[in-house]
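Trainee: The primary structure of each chain is shown beneath.
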Amino acid sequence: EDQVTQSPEALRLQEGESSSLNCSYTVSGLRGLFWYRQDPGKGPEFLFTLYSAGEEKEKERLKATLTKKESFLHITAPKPEDSATYLCAVQAVDSNYQLIWGAGTKLIIKP
Amino acid sequence: ETGVTQTPRHLVMGMTNKKSLKCEQHLGHNAMYWYKQSAKKPLELMFVYNFKEQTENNSVPSRFSPECPNSSHLFLHLHTLQPEDSALYLCASSQTGGETQYFGPGTRLLVL
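Going down the list, the sequences are from chains A and B. Offset between the first sequence (1-based) and my numbering: plus 334. Offset between the second sequence (1-based) and my numbering: plus 283.
Extracted from the complex, chain B is given alone in its bound form:
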C-alpha cells in the first residue's frame, strides 16, 4: 500500500447504528486530518492530530468521535448520525502541521 488509504469506501448506515471509518497513511507523516465534503461546499475540517495528539476540533458534534492510536492510523467512530451527515469523509496527512496535505480516496457515507 502507498499513500493514504481509507476503508470502507462506501457505507450505508441507519441512524441508530455504530460504525467506524479507518484511515492509514504510508508516508511517514506526523499529522492526520478528518474532513467532511458535501456537494458544492468547501471542505470542512473536522479534526486534526499531530504526533497522536488532537490539536483541532472544529465544533464537531459528539456523534463523531476520533481516535488516533499512532501516527499512521486514524479512526472516526460514528454513532446516532443524522441524514444531514451523509457526505464524503476524507482523511489526509502531512509531514507536520502547515505542510502539504495528501488525501485518501474518501468514504462515501449515506445515513438513512
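Isolated chain A, as found in the complex:
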C-alpha cells in the first residue's frame, strides 16, 4: 500500500538552530515528491518538487533532498518566520491526479 510518513510530528527549535524534517514514503513507482509549507488558517504553499534519487533543491534557508525511500527538508539557521507546518506528498507513476499526503511536521522556531 502506498503511504507517506512524516517525522517528527512537531519540532521546536531555537532561532539559528539547524535541523531536518523527514518524509518516508512507500510507493510502487515514484513520479514526484512535493514539499509544501502551510501557515495556520491558510492553504498549502508550494516549495519544491523532486523527481529522482539524488536530486536536491534549495530555497533560502530550505534544502530538500531525495533518496529512494525518503526525503529530507533541511532548515539552516531558521528564523521565527519559518514557523509553519511542512507537508510532504508523493505521486505514483500510475496515478494522474492522486497525491498521497503525510500528516505534516509542525515546526516552531523560538526567537
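Hints were generated in silico from the structure; no laboratory data involved. Just to be clear, a hint being listed does not mean it is correct.
Here are the in silico distance ranges between beta carbons for each label pair [claimed, not checked]: (1) A387(A) / M298(B): 46 to 54 Å; (2) E335(A) / K323(B): 36 to 44 Å; (3) H360(B) / E379(A): 24 to 32 Å; (4) E382(B) / L347(A): 28 to 36 Å; (5) E327(B) / Y385(A): 18 to 26 Å; (6) V427(A) / N341(B): 27 to 35 Å; (7) M298(B) / S353(A): 40 to 48 Å; (8) Q348(A) / S348(B): 47 to 55 Å; (9) K305(B) / F380(A): 36 to 44 Å; (10) G350(A) / T383(B): 39 to 47 Å; (11) V427(A) / F334(B): 15 to 23 Å; (12) K391(A) / T379(B): 33 to 41 Å; (13) Q337(B) / L347(A): 41 to 49 Å.
Now the stretches of chain A that chain B is said to cover, found in silico as 3 or more residues with beta-carbon under 8 Å [claimed, not checked]: (14) 371 to 383; (15) 435 to 442.
Beta carbons: idealized from backbone N, C-alpha and C, even for Gly.
Once you've looked at the hints, dock chain B against the given chain A.
Mentor: Only chain B this time, still in chain A's reference frame:
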C-alpha cells in the same frame, strides 16, 4: 486577483442548511481539485476535474456535490451535512493532472 481564490473564507451552517463553496483559479490551469483537511490528518482528496470533466470521486458522501462549469471555476454544494464534516476545505489547481498543485486559502467550515 491572482492564484487561487476561495469564498467564503469561513462558514457556519446547521445540519439542515444548503450552502455552496466557490473556487476560482487565475493561473490558466486545466485541472481543479477539492480537498478536505481535518486536524492532524493528511489531506483527503475529494474530487478532481480535468478539462471540466470529473475524473476522481474518492467515495465522497452524496451530501457533497461538486460542479465545474469551466476550467476556471469549481463549486462544492453542501446539504444536510454532519458535525464531522467540519474541516478546512481546500481548492487546488494544476496545469494538468500530475503537475504541481497550487492551493487556495481554504474555507473553514463549521457544522452545528
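Trainee: Hint by hint, note whether the structure agrees.
Mentor: These are the hints, each one checked on the structure:
Checked against the hint of 46 to 54 Å, the pair A387(A) and M298(B) passes, with Cβ atoms roughly 49 Å apart. The hinted range of 36 to 44 Å is not satisfied by E335(A) and K323(B), whose Cβ atoms lie roughly 20 Å apart. Roughly 27 Å separates the CB atoms of H360(B) and E379(A), a value that falls within the hinted 24 to 32 Å. Taken as a hint, the range 28 to 36 Å holds for the pair E382(B) and L347(A), whose Cβ atoms sit roughly 33 Å apart.
Remark: the range hint 18 to 26 Å for E327(B) to Y385(A) is upheld by a beta-carbon distance near 25 Å. Checked against the hint of 27 to 35 Å, the pair V427(A) and N341(B) fails, with Cβ atoms roughly 19 Å apart. Taken as a hint, the range 40 to 48 Å holds for the pair M298(B) and S353(A), whose Cβ atoms sit roughly 44 Å apart. The beta-carbon spacing between Q348(A) and S348(B), approximately 48 Å, falls within the hinted interval of 47 to 55 Å.
At about 22 Å, the CB distance of K305(B) to F380(A) disagrees with the hint of 36 to 44 Å. For G350(A) paired with T383(B), a C-beta distance near 31 Å fails the hint of 39 to 47 Å. At about 22 Å, the beta-carbon gap between V427(A) and F334(B) stays in the expected band of 15 to 23 Å. Checked against the hint of 33 to 41 Å, the pair K391(A) and T379(B) fails, with Cβ atoms roughly 22 Å apart.
Evaluation of the 41 to 49 Å hint for Q337(B) and L347(A) yields a pass: the beta carbon distance comes to about 43 Å. With 7 residues having a beta carbon nearer than 8 Å to a beta carbon of chain B, the region 371 to 383 of chain A meets the requirement of three or more and the stated coverage holds. Against chain B, the region 435 to 442 of chain A contributes 4 residues with a C-beta closer than 8 Å to a partner C-beta. That satisfies the three-residue criterion, and the hint holds.
Checked against the numbered hints given earlier, the structure breaks hints 2, 6, 9, 10 and 12 and satisfies all the rest.
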